[in-house]
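Asker: Residue numbers (the numbering used here), protein chains in the order written: chain L, 612 to 894; chain W, 531 to 811.
Read the hints as simulated data drawn from the structure, not as lab findings. Because the structure is a prediction, the values reported are computed rather than measured. A couple of the hints might just be wrong.
DEER-style ranges, computed between Cβ atoms [claimed, not checked]: (1) W:Glu630 with L:Asp696: 37 to 45 Å; (2) W:Glu562 with L:Arg644: 19 to 27 Å; (3) W:Ser557 with L:Ser851: 44 to 52 Å.
Each residue gets a CB set at the ideal place from its N, CA and C atoms; glycine is no exception.
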Amino acid sequence: MAKDSIIKIRNVSFTYPDTTSPAINNISFDIKRGSWTSIIGHNGSGKSTIIRLINGLLVPDNKNSPYIEVDGTELTDKTVWNIRDKVGIVFQNPDNQFVGATVADDVAFGLENRGVPRSKMLKIVPEAIKAVGMDDYTNAEPSNLSGGQKQRVAIAGILAIQPKIIILDEATSMLDPSGRSKILQIVHQMKKKDNLTVVSITHDIDEANLADQIIVMNNGGLVDQGNTKEIFSKVKLLKSLGLDVPFASQVKEKLLQSGISIPKEINSEKELINYLCQSNSKK
Amino acid sequence: MSIKFEKVSYTYFPGSPLEKKGLDNVSFKIKEGQFIAIIGHTGSGKSTLMQHFNALLKPSKGRIEIAGQTILPTTSNKNLKELRKHVSLVFQFPEAQLFENTVLDDIAFGPKNFGYSEQKAKEKAWTWLTRVGLPKSVANRSPFDLSGGQMRQVAIAGVMAYEPDILCLDEPAAGLDPRARKQMMGLFSKYQQEGHTVILVTHNMDDVANYANDVLVMESGKLIKHARPAEVFKDRPWLKEHYLEEPKASLFASKLTNFTFSNTPLTIKELVKGIENNLKE
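Model the full assembly from the supplied sequences, consistent with the hints where possible.
Answerer: Okay, here's the thing in structure tokens:
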């Protein structure tokens with residue numbers, strides 16, 4: 612397990628200045644190389660703080676000897692820049708992450724920053740723009756794009772630097788449904804092609820459903836961890852934390868309440884639909 | 531009263547190489563006091579349309595009647611304050627517009643700007659601080675010390691505090707957690723039931739199904755449908771053709787191939803009822 616972990620977090624706590632209770636309270640977990648992990652939890656549960664600790668934007672509290680490792684390197688003052696090269700973060704609001712005068716300039720920014728030769732950039736930039744379906748807008752001004760289009764460009768900028776880990780911090784929450792599934796599809800392809808590790812912070816239950824592993828957070832603590840089937844069958848836990856429950860689980864619960872019996876082992880949407888169709892043909 | 535658009539077109543950067551049609555000959559009439567949803571993809575003209583409701587953008591062609599005023603291409607910017615008191619726009623990420631030192635001052639800014647006395651504005655601010663679901667204890671804190679979701683609540687309270695007749699919201703619940711989202715949608719729904727008009731720009735078809743009673747569907751700057759939610763979501767091939775999603779409930783129902791539903795269920799309640807009817811027949 613430990614050997615193929617690209618991210619290792621041990622005994623990490625973090626308290627924001629001028630607050631008394633920690634935003635992150637003694638958390639430990641691993642993320643496997645090449646996996647897709649979703650972190651879910653209500654606003655203020657500490658999801659985004661965790662991300663900022665992983666790329667060294669925030670420094671853990673000095674207690675319980677905290678340890679953070681990314682791609683085999685311990686996160687320290689000396690390695691932080693090296694680690695940030697490996698971690699691309701796409702934030703929720705694309706307006707806060709634009710610098711270039713055109714879409715192409717913006718996508719090239721991260722490469723310029725890293726001293727990539729122009730000849731290489733000329734190849735990488737159009738590819739990244741094409742990957743997010745924005746090739747018709749290569750020379751457009753980012754400010755003239757709609758919110759969803761901007762987010763695609765921001766994602767192209769991240770894809771261009773070819774990080775080891777891509778973190779989606781509610782990155783698809785502003786996209787329309789087709790735009791969202793397109794982005795997730797693109798990230799999926801990149802993940803497969805380059806053995807990219809994906810960490811997504813999301814409230815979107817469908818996005819979380821794509822994950823190999825789900826981490827549930829509440830009040831700065833890690834409440835539960837497991838695959839989608841394990842986590843999404845815990846309807847009571849999710850509800851008590853104010854989190855979304857998959858639609859099929861909600862339907863099942865409501866049907867049970869109105870006196871229709873459904874076996875316990877029926878959980879996924881497919882299982883429920885099959886079961887209902889069978890019951891309907893038997894009656 | 532009603533909101534009327536007559537052959538409204540809007541062109542971005544007219545006469546320049548960047549010229550682009552934002553709205554293309556849009557006409558409709560909607561009754562005030564309703565919960566109206568505007569749907570369509572990214573870039574379809576939803577936000578451009580919304581910005582016409584309080585003349586933030588003025589039509590390049592055509593005519594708009596709203597809140598007892600008429601907006602024409604020639605309307606001067608001078609007398610728009612009255613219109614903007616009655617018709618408010620809340621953009622995506624309104625929390626980016628917070629600026630005051632305390633939460634209470636930020637909420638009171640809108641009412642003060644529209645002529646309420648200092649004291650009256652503070653009273654309104656207290657009322658709306660609690661109505662949007664913020665704890666009273668945050669009133670004297672800096673809005674910038676709050677969580678993203680709470681900052682959103684402050685920004686929305688700041689607009690609702692001067693109680694506009696027509697409240698237009700662009701994806702107000704995006705990025706909120708499910709509990710906060712439900713609470714916020716409930717707030718807008720209640721506001722509408724109290725006699726105001728709520729116009730919601732959204733991608734979330736479940737919100738459309740649960741709250742709206744009138745829907746405008748935009749595509750490439752054109753209004754391609756204006757109907758009640760049941761009507762919009764009834765026609766599955768049409769939705770597919772226009773790449774529009776449907777509510778989770780109707781999607782689920784469509785997979786129950788040997789069930790018959792007299793009306794396409796749009797909400798989980800209707801779906802469960804429909805399943806029950808089939809199984810108990």
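Asker: Can you tell me whether the CB distance of Ser557 (chain W) to Ser851 (chain L) sits inside 44 to 52 Å?
Answerer: holds (49 Å)
Asker: Does 19 to 27 Å hold as the CB distance between Glu562 (chain W) and Arg644 (chain L), or does it fail?
Answerer: violated (57 Å)
Asker: Between Glu630 (chain W) and Asp696 (chain L), does the C-beta distance stay in 37 to 45 Å?
Answerer: Holds, since Glu630 (chain W) and Asp696 (chain L) (Cβ atoms, about 39 Å apart) stay within the stated range.
The structure is inconsistent with hint 2 alone, although it conforms to all the rest.
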